[in-house]
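J.: Residue numbers (my numbering), protein chains in the order written: chain A, 1 to 771; chain B, 1001 to 1165.
Warning: the hint list may mix true and false statements.
[What the hints assert, rightly or not] Below 27 angstroms or equal to it, Euclidean Cα-Cα: the simulated BS3-like pairs (lysine-lysine) are: (1) A:22 / B:1161; (2) A:634 / A:391; (3) A:380 / A:171; (4) A:22 / B:1123; (5) B:1132 / A:689; (6) A:300 / A:511; (7) B:1019 / A:630; (8) B:1132 / A:634; (9) A:574 / A:630; (10) A:380 / A:6.
[To be verified] So these bits of chain B aren't anywhere near chain A, every CB distance computed over 10 angstroms: (11) 1009; (12) 1034; (13) 1038; (14) 1067; (15) 1085.
[Stated by the list, open to error] Where chain A lies over chain B, by a calculated footprint (3+ residues, C-beta under 8 angstroms): (16) 1054-1063; (17) 1068-1082; (18) 1088-1101; (19) 1126-1140.
These aren't lab readings, by the way, just hints derived from the structure by calculation. C-beta: ideal position from N, C-alpha, C; glycine also.
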Amino acid sequence: MSKVGKSEVRVDGFDKASGRTKYYEDRMPAGALYVRIKHADIAHGMVKSVDTSAAEAIDGVVKVLTCFDVPDIPFPTAGHPWSMDPGHQDVADRHLLNRHVRYWGDDVAVVIAENDVAANQGVRALKVEYEELPFVLDVQKAMEDGAPQLHERFPNNILKHTDMRKGDYQKAIEEPGLIKVEGWYDTPTVQHCHIENHGCYAYEENGRIVVVTSTQIPHIIRRAVGQALGRPWADIEIIKPYIGGGFGNKQDVLYEPLCAWCSTQVGGRCVRIDCSREETFVSNRVRHAIRFHIVTWLKKDGTIQARKVECFSNQGAYASHGHSIVAKAMGSFPQHYPCENMECDAWTVFTNRPAAGAMRGYGMPQASFADECNIEDCAKALGMESYEFRKKNIMPQGFHDAFSGNTNYYDTYRECMAKGAEYIDYARKKKEYANDTGDIRRGIGMATFWYNTAVYPISLETSSNRMLLNLDGTVTFQCGETEIGQGADTAYAQMVAEALGLASYRDVRVKSCQDTDITPTGLGAYASRQTYVAGFSIRQTADLLKEKILKYANELTRQSVACMDIVDGNIVRKEDGVVLMSLSELAMTAQYNPVHSEHITAESTYTIRNNAYSFGCTFAEVEVDIPMCKVTLKNIVNVHDCGKLINPALAAAQVHGGMSMAIGFGLSEQLIFDEKTGKPLNGNLLDYKLSTFMDHPHLEAEFIENAEPTSPFGTKALGEPPACSGAPAIRNAILDATGVAIDHNPINPHVLFAEFSKAGLIHDDWREEEK
Amino acid sequence: MSAQYKLVHCTVNGKAVEKMVDVRASLTDMLRNEYHLTSVKKGCEVGECGACNVLIDGEAFNSCIYLAVWAEGKSIQTLEGLLSPEGELSDIQQAFVDETAIQCGFCTPGFIMTAVEILNTNKLYTDEELRKLLSGHLCRCTGYENIFRAVKKTMYRRQGKTIDF
């Protein structure tokens, strides 16, 4: 009986439901000192001085450290694997604390105190003197000559520019009779909003530094802490307990280096940094706001003749994941709707805003928004049903991308679209809603996306794990691909049970907590990679462990290894199915055999040199109250092809969460900044409009299970894909309902008021009467 | 010292207890730091997210904006208090597990405590009512979909009814 493909309950379900699960703060050693950070309250400037005397006089304050005390070692923060090629390493533009402050919320100084109250009082008592500099918030204004400069070595604030050319765009557009569809599309700055804020604590032990942190990437954090402190990387031990969500924010080096350094400044005592919600919004990472300019040239038969795509990515103050995000966004266009003539450019630009990093979807929610707005408008310009226009132009079966090596093995896109259309009754509703007039109108829309699985060939893809046979015949499993809430541990347990022939996934004890001194090296949770990459190394290590078990069984049973197998936790003779002994008997004998005792364990590393296309779409149905400028989402469905499902219930749960994030991206979420000061205005969960229970209809998750040929388990990316196509589907539904094409999200009542006014759908009668 | 600390007597998960607490401390701080009830989570500390929700005399409160000293004489229940003496999950906890309503688990304790308050009314709420009653909690992982199923199914089960989704 297969152990994969079943909706088993989570391995950590009981502990999480009973409140036993320990997150970093629940493991805090008694007496840990509190570190509180002084954040800049200007958007750009130089720190001239910090007067620490009043803070130091506060009872309980142990030490005050400022930007003038930190080592002059720049370090990178992107949660990317280390590259041995210096040209491919991340930009090292960070210091532990900053004299040159580049955004409102930058880190200037810290107060270390015996208790939280004294630490906070200390921060308030610091007097920072600045030399203020002009600042810039807009991505294209930051590129202009004479704009305020954030980093000396990046003229015009351009962190990087890359381009892609195919065919001859200029020549192609000269063909007579083409229809031109052009638009500018803007996506907002949003934040991850995991419910557990980032935090960590650090202490010295045996001359080394231990950091316990809420992170997705323990092994990468080890390297970055070593770099930032100028210590050998092996001097650092990172422990990752359960974490309360990450969504990419914790795929960055956050306050681990600062925390580790603070410990070294107080004699190795344990120090803690606990981000407040407000700090999480502003001083961690955000999603890149990307502005797109798209020009599409169409033939009358609905063929795309040529496309030009320009992407301007707002990086904020520091490089973090930098250009890799917009590069991925730009790279989606030529594959999503392939055409012969393309001209694509992408710029990543520093501005005086919070640093943008990885966030669920890594540039694709932005790209999907822009692309699917433009594609919808193309269909409209042609007078074609947009479903048919997509069907005609979307990546066909057999499409191959030479760079990633990916092939669209099945006709997945069209299968997903058909399934979604059927669920939501697309064709009938589209016709019916076209007749809506009056104040309240209904509409239906769709959008599609594609996504890579893991990061090959851009970066190293590797997965290691260890399996240990326990005395009771169960297997302990460790790997570096982290559980962050998505359910990875449960998927691993199912895959290990399947690969080894155990009776149940419950016979796999997944050590969820990673410790870089002990856990086999892995890269962590990102790029929707965990289930896919761990699948390779799980198969490999399971084969090694199985071989050892059967060799030992050969000693005990005198049966040839070739004649035996492990089935449901027993050693069986293959030919007649006779049970020779249980794994438990074998393990006990092996452990306590006075002649030949053996601790049966295996570990291995698999370097993954494959990638896999993941596909999907969203269909959304809305009701728009035009005078109220209010959109009610009535119905939404996501259809995904992420290969074979390891655990269908957990897969559906992943999709729900991604859809929720996409709904927020489409309708309500946006971090806004005061144009006059650069100050973030709504960095808290009251003013930042995260979707609540009241903002969602039922979320429907559907799947097309086309087995991925490169994966030992037939699986591929699902973690991020559900966040990609929801926002444009909603935008297109609003367009269908009202005829108004809105090219920037979130599409909230403020935006609708302006857009409906412009379109003449609403009139400000009250103001008219006053005149 | 004396003005800053106060002896607070209360019942925590059915047991009468007392501790000296800082008069400025929140109930969250008291439960976590003095009683090691770490299911009480801190997601915002200003009453926005609901992760710290506990029952005070049967009523759900954000314990982060409830002073510890106000707990004097009250009966407090946290998620830890829902387990049976044999260590078995209550119906609503089991429903959260069975319905895949848990992902990272950080909002789970607060959600379950509000669900307990809802279920203890023994009323059969409409979907709209139920959504509104649960809307004081934020979750970034689940889209609320399976949390809704877990609570609704348990509500029906307690009434001796079943419901299909």
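J.: Next step is simple, just say for each hint if it's right about the structure.
T.: How the hints compare with the structure:
1. A:22 / B:1161: Cα-Cα ~36 angstroms, so violated.
2. A:634 / A:391: holds, 25 angstroms
3. A:380 / A:171: At roughly 25 angstroms apart (the allowed maximum being 27 angstroms), residue 171 of chain A and residue 380 of chain A satisfy the hint.
4. A:22 / B:1123: Status violated; Cα separation ~34 angstroms.
5. B:1132 / A:689: Given that 27 angstroms is the threshold and the Cα spacing comes to 16 angstroms, the pair holds.
6. A:300 / A:511: violated, 59 angstroms
7. B:1019 / A:630: Given pair residue 1019 of chain B, residue 630 of chain A is violated - Cα atoms ~51 angstroms apart, limit 27 angstroms.
8. B:1132 / A:634: holds, 17 angstroms
9. A:574 / A:630: violated, 66 angstroms
10. A:380 / A:6: Given that 27 angstroms is the threshold and the Cα spacing comes to 43 angstroms, the pair is violated.
11. 1009: Residue 1009 of chain B clear of chain A: closest Cβ-Cβ about 24 angstroms, beyond 10 angstroms.
12. 1034: Fine: 12 angstroms to the nearest Cβ keeps residue 1034 of chain B off the interface.
13. 1038: violated, 4 angstroms
14. 1067: holds, 15 angstroms
15. 1085: holds, 13 angstroms
16. 1054-1063: Answer violated; 0 residues pass the 8 angstroms Cβ test.
17. 1068-1082: holds (count 4)
18. 1088-1101: holds (count 7)
19. 1126-1140: The restraint on the region 1126-1140 of chain B holds, since 8 of its residues have a Cβ under 8 angstroms from chain A and three suffice.
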